[in-house]
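Asks: Take a look at the letters that make up each chain.
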Amino acid sequence: MAREYLTVREIVGPLILLEGVEGARYNELVEVEFPDGKVGLGNVLEVEEDVVLLQSFEATSGLDVAHTRIRFTGRGLELAVTRDILGRVFDGLGRPIDGGPRVIPEKRLDINGSPINPFARDYPTDFIQTGISAIDGLNPLVRGQKLPIFSGAGLPHNRLAAQIARQSGVLGKAEEFAVIFAAMGITFEEADFFVSEFRSQAALERAVLFINLADDPAIERIATPRMALTAAEFLAFEYDMQVLVLLTDMTYYCEALREISAARKEVPGRRGYPGYLYTDLATIYERAGRIKEARGSITQIPVLSMPDDDKTHPIPDLTGYITEGQIILSRELNRRGIYPPIDVLPSLSRLKEKGIGEGKTREDHSGLSNQLFSAYARGKEARELSVILGEAALTEEDKLFVTFSNEFEDRFIRQGEYENRSITETLSLGWELLRLLPRSELKRVKEDQIRRYMEGGSGDEAVLPAAEAMDAVD
Amino acid sequence: MSVGEVVKVSGPLVVARGLPHPKMYDLVKVGRDRLMGEIIELRGDRASIQVYEETSGIGPGDEVISTGEPLSVELGPGLLTSIYDGVQRPLDVIRDKHGNYIARGVEEPGLSRTALWPFHPAVRRGERVAPGDILGTVPETAVVTHRIMVPTGVEGEVLEILEGEFTVEETIAVIGTESGEVRLSMMQRWPVRRPRLYREKRPPIRPLVTGQRVVDTFFPIVMGGTACVPGPFGSGKTVLQHAIAKWANSEIVIFVGCGERGNEMTEVLLEFPELTDPYSGESLMLRTVLVANTSNMPVAAREASVYTGITLAEYYRDMGYNVTLQADSTSRWAEALREISGRLEEMPGEEGYPAYLGTRLAAFYERAGRVVCLGSDGREGSVTCIGSVSPPGGDLSEPVTQATLRVVKVFWGLEDRLAFARHFPAISWLNSYSLYLEQAEKQWKEEVDGDYPRLREEAMSILQREAELQEIIRLIGIEALSDQERLLMETAKSLREDFLQQNAFDEADAFTSSKKQFRLLKLIMDFHRLAESALEEGKSLQEILELPVWEEIARAKFISEDRLERFEELEDKCERVLASLASERARRV
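So the protein sequences, as listed, match chains A and B.
Under my numbering, think of the first position of the first sequence as 1, with each following residue one higher.
Under my numbering, think of the first position of the second sequence as 1, with each following residue one higher.
Please note that the accuracy of each hint is not assured.
What the hints assert, rightly or not - The calculated BS3-like cross-link candidates involving lysine-lysine, where the alpha carbons are at most 27 Å apart (straight line), are: (1) B:Lys-409 x B:Lys-442; (2) B:Lys-97 x A:Lys-292; (3) B:Lys-445 x B:Lys-201; (4) A:Lys-265 x B:Lys-409; (5) B:Lys-493 x B:Lys-515; (6) B:Lys-493 x A:Lys-446; (7) B:Lys-409 x A:Lys-443; (8) A:Lys-380 x B:Lys-493; (9) A:Lys-354 x A:Lys-265.
These are calculated hints, taken from the structure and not from any lab test.
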C-alpha cells in the first residue's frame, strides 16, 4: 500500500529531505513524482523519527519543494526475474527499453542479495578458454573468478571485453552460457557497440543487458551492477547457467557513490571517495563465485578506467584487493598497434594454478607460462638497455631475448579481434617462440616437456594454422 | 528482557530510545528479524547501536530488545575444527539449516547443544577449587585435550563431580561457594571485548619456532609476541600464513579472516582440513578454529571478528597452551571502525580513521602475551598475535600500518618484487625487523651454538653490503668492484638463494629446525671466510667462483634433519678444495 507525502523540505543535489513521514524503512524504494507528472525512483538513505533522507535515482532538476510527491512502496528495490530476461535490454534500474513486452516475473528479488556463506563456496577450478593467448596462456581465467580489466582512457577495453564475452567457453563441456552486461555511465557509442556486437553474433538471446548511459541519471548507476548481479545469481543458481558478468565502467559507479557521499557531507576518505568504498565494492565483486553442489557459476569481469593510468588510485587499488588478480592494458603496446594491448607482466590471475595443468588444460601449461613470463621480462629489460646504450652493448644472448620479446609481442600477444585461439594453439605458439632462445636458458620447463612439445611430437602440427593466421593479421 | 524502539536508521547504525538501563556494549536484537547489534554510544535515553547485519527494512518504531549482556562467545569443547562468522555463528551449521546465503537474523549457538563429550574429572569431592583450576579434561580432538576450568567468580568446595558423557549444558560439577551452590557445565561465556583474566603477565622468552629460515634466524618471533605482515597484491602473504599455521610449534591455531576475499577464505576452509599437522600426522584442523567474515559480510560483524578470535585464543591460553592467532587483515578491521565512526559523525583523525584507532589497535595487540594462568598449578600459556595489514597502494605511511608498527615488535616486510622473482618467502631482509633478537639469541646460545648470533650478524651485514654494491654496479658496472667485493656479492647471492629462499612445497625444505638453520648458515659463512683468506693468499677469484662445491652448498638445504652430520663433511670439503687451489703467485713462479 503506497503512502504519499507532499512534505519535501530540502533538495540538495540528488538528496531529498522529507518530513512528517510515518513508517518509512531504511533502504525502502520510493517513487518521486515530479511537478510535471514524471515519475522517478529513489530509496531511503536514512530515517530519523519522521524525517527521511532519500536519494533520487532521477536527476532532481525540475523538482520543487511545494509540489513534489513522494510515494513509499513498502519494499526495497527489486528486480523482476524470469528465464525470459535472456535476450532483453533494460535500463539501469531494470525497466525494459527494447520495446519488448513487459517482463512477467517468476520472482521479485531484492537487488542487494545476501552474502554467500563462505562455507558454502566452492573453490574456482574450471579453466575458461577466452581464445585470447595473453589471457589463456599467461593469466588464465577460471569459473567463479572476478578478474577486472584495468584500462585507461582511449584503450580498447571494450573491444577486449566484448571479445571475451563472445569467445568464452569451458573446455570439453556443453553447458548453458549466459552473459550479463551492465553499462554504467558509458557513452551511447560504446553501449551501441556492445548491443550491435551481441546482435551480430546472434549472442543477444543468451545475454541480458542493463544500460545506464553517460547522460542517464548518475545515481541510477548505484543500482545498475546490483541489478545485473541479481539477474546473474538467478540464472546461475536457479537455472544452472554459467554466467559471465561484464561491468563497465566501475570508475563511473564509484564516482556516483562519491557524489552521494559528498552531498551527505560525509567524511571523505582518499581522493574524496567515501570511507566505505571498499565495503561497497566488495558487496558487488564478492557476488561472483561458485557454490558447492550447484552447477552454475558467476564469473565477473569488471572494467575500470584508471584515472591517469594510475594503479594506486583508490578505485583500482581497492578493486585489486578484492578481485582475484587483474588484466592491465598497456598504452605503449596500444600505441604500437598491438591488439589486445595486454601488459602481461603486471597482469595476474590469482586463481590460475588451480585451473590449469593436467586434466584441466595441459601438463606443460604452468611451466611454459612461467618460462614465457621470465623470458619476456628479461627480453624487455634488455630491450630497454639497448635503447639507452645501443644494441652493441648487448650480449649475444641478450639479443636473442630481445628478438624473443619482439616476436612474443607480435605473435603471442597480438591477435585478431575475431581470432579465437584454442588453448592448444596458444601453448604450441608459446613453445614455438621458445625455440628462439638457447635451449640451456629454458630452466623453468621440464626436460621431457621440451622434448615432447618443442622438439617434435604432437604439439608441432597444431601450431601451424595459428602461425599462418598470425601472418595474415600482420 | 527490556524493550525500546528504533528512532533512526543509517546503514549499519541504528539509534534506539526507551531501552531501560542500557549499558555500553550491551547486545541488543533489532526489529522483527531480531538482528544482532551492540550499543556503542549513549546520549540521554538514546542508544546508538551498530548492527551486525544488513539493516534494510528497519524503520522507526521497530522494537529493540536488550539482552542486558555484552557480546559474548561460548567457550567449551567443540570450538576446535569449527568455522565461525565474526560473532561466533557456526557457518557450517548455518549452511546446513539455512542454505547457501547468510539470511538475516539467523541464530545458531556457537557450541553444539547435542554433541556429547566424555568428561574425565581431575578433582575429587571435598577439594577446594578456585577460578582457573582444572575440574577435568575432555579429549576434544585427537590431538588436543580440552581442560575444563572453574569460571571466574566461582570458588569453594567441590560438592559433586561427575564422570561420563555430557552435552555442554549439562551439569558436571557442583561447587559449594559462600553464596550457595553453583552448578557448573562444560560451557562458559565470556564478553569478547574484555581480556580474559590471568594471574600474572610475563615477558615472552621462548622463540616460536616456525621452521622458516628467514623468520627464525633473521626476524624471530617469540611465543606471546606480536608481529605485523604487510601484504601488497601477490606477495605471497597467504603462503607465509599457511606455513606459520602449519609449522609453528604452537598447540592451537586461531585464524581470523577479517574482511578478505570469499574465495580466499574458501581456500583456507578447503585447505586447512587437508593440511597435515607435521607434529601429529593428523589434520591441521584438529587444532584450529577459523573465524571468517568476508568483505561482503556485514561490516559491524567484521569489527567484532578480531575480538571473537582473540577471546577464543585467550581461552586456550588459559588452559596452558601456546596459541597463535593470525588476523588477516587488520586493515579491513580498521576500515570497519572508520565506517562506523563516520556514521556516528565523530570527528575524524587521519584519513577519516577515528582518533582512537591507535588505542584500539594497541589494546588488541596487548591481549597477546605470555601469562601465568589462573589456577593453583601455576601453568603458563601464551597468545602470539600475527596481524596482516593491507596498505592502500602499498604505502606503508598510511595510518593503520603506522599505528600497528608502533605496537608490534616484529615486522616482516613482504615485497612483491621478491615474489615476482619467485623468491619465497618474499620477506625483505632489508626493511624487516624483530625486537625479539635478544630472546632468540639467548635460546640459540643455550640450545644450538654460541656462534649463532655472530654468524647471523655477519650474514646480515653481507646482505646489506650487497644492496650498496648493487647500486654501484648499476651506475658503473661490475668492473668497478674489487675481488673481495665480488666474492661478497657471490656469498650474498648464496645467502639469498640457499638460505633465505625456502620452498614451502618441498618435503625436506619446508621446515628447517634451528640446528639445521645454524649448520646451513655456518656452512655458507665459513666458506665465505675461507674464500676471503684464499683471496688474500693470492688465489684467483675466477677459480674460487668456479668451484663445483658452490653447487653442493646450494643443495645443502635439502639435507634431511636426521643426517645433519653431512654438514661437517661438506665443511671439510670446502676447506680442502679451497686449500687445493694454487695461488696465482705460486703459479707465476
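Asks: All hints, please: hold or fail.
Replies: Tested hints:
no.	hint	result
1	B:Lys-409 x B:Lys-442	17 Å, holds
2	B:Lys-97 x A:Lys-292	15 Å, holds
3	B:Lys-445 x B:Lys-201	25 Å, holds
4	A:Lys-265 x B:Lys-409	39 Å, violated
5	B:Lys-493 x B:Lys-515	22 Å, holds
6	B:Lys-493 x A:Lys-446	24 Å, holds
7	B:Lys-409 x A:Lys-443	40 Å, violated
8	A:Lys-380 x B:Lys-493	23 Å, holds
9	A:Lys-354 x A:Lys-265	45 Å, violated
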